[in-house]
Amino acid sequence: MGCKRLATRACVGASSLFFAIYAHAEPTATLRLDTLVDTQRGGGVIVIETDMNTHSWASAEALVWTGGSTTTGISADALAFSVRMREPHGFGELRIGRFLFASGAILPVQIDGASAMARAPWGTKVELVAGVPVTALASSAPPIEVPGIAWLIGGRVSQLIASRMTMGVSYMQRREGEEVADEEAGADLSAAPTRWLDLAAHAAYDITSPGLSDAVASAAVRVGELRFEAFALARSPSRLLPATSLFSVFGDFPTQSVGGSVHWKAAPRLDLWLVGAGQTVGGVYGGNASARAFLKLDDRGAGGIGLELRRQDVSTARWTGIRATATKPLLKTLRCGVELELVIPDDSSKGVAWPWVLGSLAWRPSTRWEIAGAIETASTPQHEFELNALARLSLFLGAK
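Residue numbering for the sequence shown follows the working numbering, starting at 186 and increasing by one per position.
Don't read these hints as lab results, they were simulated from the structure.
Each hint should be verified, as a subset may be incorrect.
[What the hints assert, rightly or not] Straight-line distance between alpha carbons at most 30 Å, and here's what the computed DSS-like set of lysine-lysine pairs gives:
1) Lys481 with Lys517
2) Lys481 with Lys450
3) Lys513 with Lys481
[Unchecked claim] Ranges between beta-carbon positions, derived for each pair:
4) Lys450 with Gly275: 13 to 21 Å
5) Gly467 with Leu578: 45 to 53 Å
6) Glu361 with Leu494: 31 to 39 Å
7) Leu578 with Glu410: 37 to 45 Å
8) Ala315 with Gly471: 36 to 44 Å
Each residue gets a CB set at the ideal place from its N, CA and C atoms; glycine is no exception.
Modelling step: build the complete structure from the supplied sequences, incorporating the hints.
Spelled out as structure tokens, the structure:
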């Protein structure tokens with residue numbers, strides 16, 4: 186049976202259970218409609234999410250991407266469509282449908298299938314997942330179906346020690362027919378041995394193509410209003426983050442880094458950060474540094490102003506950037522936000538400067554619905570001018 190058919194059955198099954206749950210309960214359901222429009226292709230996202238109440242035993246979610254028209258009509262793809270059933274005290278959970286499974290150090294994967302979790306009172310936690318993979322890599326783009334017959338199994342076992350340390354091991358294997366397409370094992374650790382010290386580390390090893398695919402280790406010390414952190418990381422191409430801004434587009438690439446950061450709470454509403462790291466990419470050495478400040482406009486944190494300066498100098502990524510953000514409630518029901526980035530490359534043949542601007546506005550006249558919109562424009566080496574728009578209508582069914 187092909188992946189398409191399995192995906193369809195998973196979504197239909199999740200859909201039936203979704204409406205069965207909604208019909209036989211009195212939930213506080215959330216219905217959200219997102220429509221994305223850009224200059225090169227039209228598309229939209231429909232999100233349906235329901236949660237019975239704080240102590241509910243079941244919830245459901247659906248997220249469907251609708252792309253541009255094709256020869257057979259409007260294209261659509263379910264990014265997520267699942268039902269989750271959980272024990273009210275957190276000792277067990279079952280999820281069925283299409284969803285993103287992420288646990289421990291292994292690579293997040295989108296599947297059509299089921300996952301189960303069981304937690305013991307003494308701190309042991311077991312997670313299992315099985316199904317048909319939809320994407321091989323985590324990505325901000327719509328999923329790409331895996332050709333042929335493919336299936337995936339994986340899981341994680343972790344143990345809480347003395348309420349101060351958690352250790353876990355994880356494993357994932359994806360097969361296409363009888364062949365192993367991907368296989369990965371990982372381990373993770375997080376600990377807070379004292380009130381002023383935090384330790385964290387995780388590593389993932391690619392068994393199919395032997396080698397370390399991802400590794401991160403950090404240690405943080407708090408002294409009064411200061412927090413010092415030292416970190417080291419190694420990242421393969423499969424671990425790159427979604428491109429959500431120019432800084433993430435030009436600053437995220439396969440690399441090995443060692444560095445540190447300082448966070449200073451200079452005032453009740455003012456936070457300052459300094460970050461620096463040495464990097465190597467393909468045997469070429471370099472580094473990056475940034476300074477960031479964020480000022481809250483009120484004690485509730487409803488609005489704020491941020492400023493960041495960044496320097497990237499390694500391999501072909503040599504640029505200086507500045508980023509400014511601002512959010513502010515204009516009225517009790519109206520909120521606006523602005524983000525601005527400007528990247529100046531060392532190589533002027535690629536452009537004198539690359540700007541990126543995002544403006545957003547949200548209006549919530551009642552607790553039952555909200556309207557929000559955003560406009561994004563940018564100039565990059567690939568596109569001299571790019572314009573995108575996002576509109577969102579949210580309905581909160583059952584809200585008072």
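Quick rundown of the hints versus the structure:
1. Lys481 with Lys517: holds, 17 Å
2. Lys481 with Lys450: holds, 12 Å
3. Lys513 with Lys481: Given that 30 Å is the threshold and the Cα spacing comes to 10 Å, the pair holds.
4. Lys450 with Gly275: 13 to 21 Å: violated, 32 Å
5. Gly467 with Leu578: 45 to 53 Å: Cβ of Gly467 to Cβ of Leu578: about 47 Å, so the range 45 to 53 Å holds.
6. Glu361 with Leu494: 31 to 39 Å: With Cβ atoms ~47 Å apart, the hint is violated.
7. Leu578 with Glu410: 37 to 45 Å: holds, 42 Å
8. Ala315 with Gly471: 36 to 44 Å: holds, 43 Å
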